[in-house]
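Chemist: Chains as they are written, first to last, in the numbering used here: chain R, 1 to 463; chain P, 1001 to 1117.
Note that these hints are calculated values from the structure, not bench results.
Computed cross-link-like contacts, DSS-like style, restricted to lysine-lysine with a CA-CA straight-line distance of at most 30 Å:
#: 1; chain 1: R; residue 1: K35; chain 2: P; residue 2: K1011
#: 2; chain 1: P; residue 1: K1085; chain 2: R; residue 2: K98
#: 3; chain 1: R; residue 1: K35; chain 2: P; residue 2: K1085
#: 4; chain 1: R; residue 1: K34; chain 2: P; residue 2: K1011
#: 5; chain 1: R; residue 1: K40; chain 2: P; residue 2: K1085
#: 6; chain 1: P; residue 1: K1087; chain 2: R; residue 2: K98
#: 7; chain 1: R; residue 1: K187; chain 2: R; residue 2: K129
#: 8; chain 1: R; residue 1: K97; chain 2: P; residue 2: K1087
#: 9; chain 1: P; residue 1: K1112; chain 2: R; residue 2: K34
#: 10; chain 1: R; residue 1: K429; chain 2: R; residue 2: K353
#: 11; chain 1: R; residue 1: K156; chain 2: R; residue 2: K346
#: 12; chain 1: R; residue 1: K35; chain 2: P; residue 2: K1074
#: 13; chain 1: P; residue 1: K1085; chain 2: R; residue 2: K90
#: 14; chain 1: R; residue 1: K97; chain 2: P; residue 2: K1085
#: 15; chain 1: R; residue 1: K451; chain 2: R; residue 2: K156
#: 16; chain 1: R; residue 1: K40; chain 2: P; residue 2: K1048
#: 17; chain 1: P; residue 1: K1087; chain 2: R; residue 2: K90
#: 18; chain 1: R; residue 1: K34; chain 2: R; residue 2: K129
#: 19; chain 1: P; residue 1: K1096; chain 2: R; residue 2: K90
#: 20; chain 1: R; residue 1: K222; chain 2: R; residue 2: K279
#: 21; chain 1: P; residue 1: K1085; chain 2: R; residue 2: K72
#: 22; chain 1: R; residue 1: K156; chain 2: R; residue 2: K140
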Amino acid sequence: MKQDPISIFIVEDDAVYSAVLGHFLSLNPDFHVKKFNTAKNFLSAVYEKPDIVTLDYSMPDTNGDLLLMQVKELSPDTKVIIISGQEDIKVAVELFKKGADDYIVKDGDTQERLWLSIRNMRENISLKKEVSSLQQEVAKKYNFQKAMIGNSHTLKQVFSLMEKAASTNITVTVTGETGTGKDLVAKAIHFNSDRKKFPFVPVNVAAIPRELLESELFGHEKGAFTGANAKRIGKFEEANNGTLFLDEIGEMDINMQAKLLRVLQEQEISRVGSNELIKINVRIIVATHRNLLDQVKKGKFREDLFYRLLGLTVHLPPLRERGSDIILVAKHFIDEFCRENNFSKKHLSGDAKKKLMLHSFPGNIRELKSVVELASVMCDTEEIMEEHIQINSQANNHFRSASDSLTLKQFTAQLIQHCLDTNNYDVLKVASQLDVGKSTIYRMVNNNELKLQKNADNKLHDK
Amino acid sequence: MTNKPRAYSLKQLYEMENADDGFILTVINIFLEYVPASTNELVNACAKEDWDTVYFIAHKLKANVNLLNIELIKEDVRFIENAAKTKTNLEQIASKAKIVNNTIQQAAAEMKEDFNL
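All chains, full assembly: derive it from the sequences and hints.
Modeler: Printed below as a string of structure tokens:
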């Protein structure tokens, strides 16, 4: 494993010994060594958070215990090696209790033992740095605003719910059409919660054959059934202290639902083929594209499990209800695709944007991603034109447009009318989606540019 | 360097990895700058019966005496450190401190001679 350079502070008032240690440690070009001959000088530099400190236990201006505690308080991740002139087991034990990482006596073997100690610590430091950097990367990736792109009012409400979900342990149900990013929401909640250092384990219920789901979730003992050649840990155990994401929960077999309910109530599982109960501590996030209450009414989903899982519901709006977010998300995917494929940066032409805005995107984000990635490939210049946007017209029968021949004013009216038609003539909702004032819409209605129909008297939802 | 018997030895220092003459000279210079002065201070502290200071100096001196292999006084320095810490055999400390000081001053003189300092 390649190791990063490390910083080592030598705190030693004995000038001879300090010179010897400094020389010795500087033999490794990856060790960046600084020397301090008083505790005061050292403490004024400890903000630099050195990786390792070799601390002489007997400094003239303080005592070793106090200095050790100060280091651990100011820079908790710094490893401290106490170097003492006395071999005193009692003192050494006390120092270890106070957080010292090693205790070395000044004698003929000091250098060798120091070298060994630093070598071991260095491996540990490198691993810690790697883990920390990966954690930062994951946290950055699943930052709410980065996990889901958009400025629409509906998405802001989603962010607010996600924050609430992340700060508590409540069970979360994520609903939304296919392709709206339910898995991303689940991951973002997990990686922003206190459980982030533990596993996030996704299970797509719909993708696992009914007869295998129990063993997949709870694990099995060797010989529990034909083909169970070895003991296997299930997803619940794998997710212990972390989060289990049950995607497409609405597809779960009714008998399996009963078993899941028992696990959720008792917080314990038993592997298939075993009677041993294993305590678990798992946060559950479920997702479905179905209306679970409807499923309950149809007898396809257990009512008790429905209420057990209900918790906080995060509903992801379909892309067509997110107004100008379509363009923001499209830009994000184009930038990402160009970066990953070493393309020069591309942007959408006005007509290309118009075409995207007019599509209903039944496949939501997933569909938009495919459309703009294909457009990026088809486009040989830096500007993605309307003809590069290839949309399946069958999927876009909500709205037809002869937009090529329209003026901007006509196009705007047509776009707003389309949104009104598909949003039950809810003026406030449409105004929010398209980021226009509701008075603009009413003015256009008064000018007969828009219609609030079909039954204008009771479809007007100005709340 | 001379072949005369010396109070000190550079064996331990030379056994260190990459211990070239430049490094040895640096250590000798630092030793000369600090250690003889500290043993003078040790004698003065004994005269004042300031046993805490005596302990502190002896404790620090121990590592240098070991490093430069000043065999003659290794035991004496340990004795002084322990006696001053435990406040026992105090009456023996002063005479041993004088021996320690004399030996360090002698080693310092030899170093100056050996390194033309």
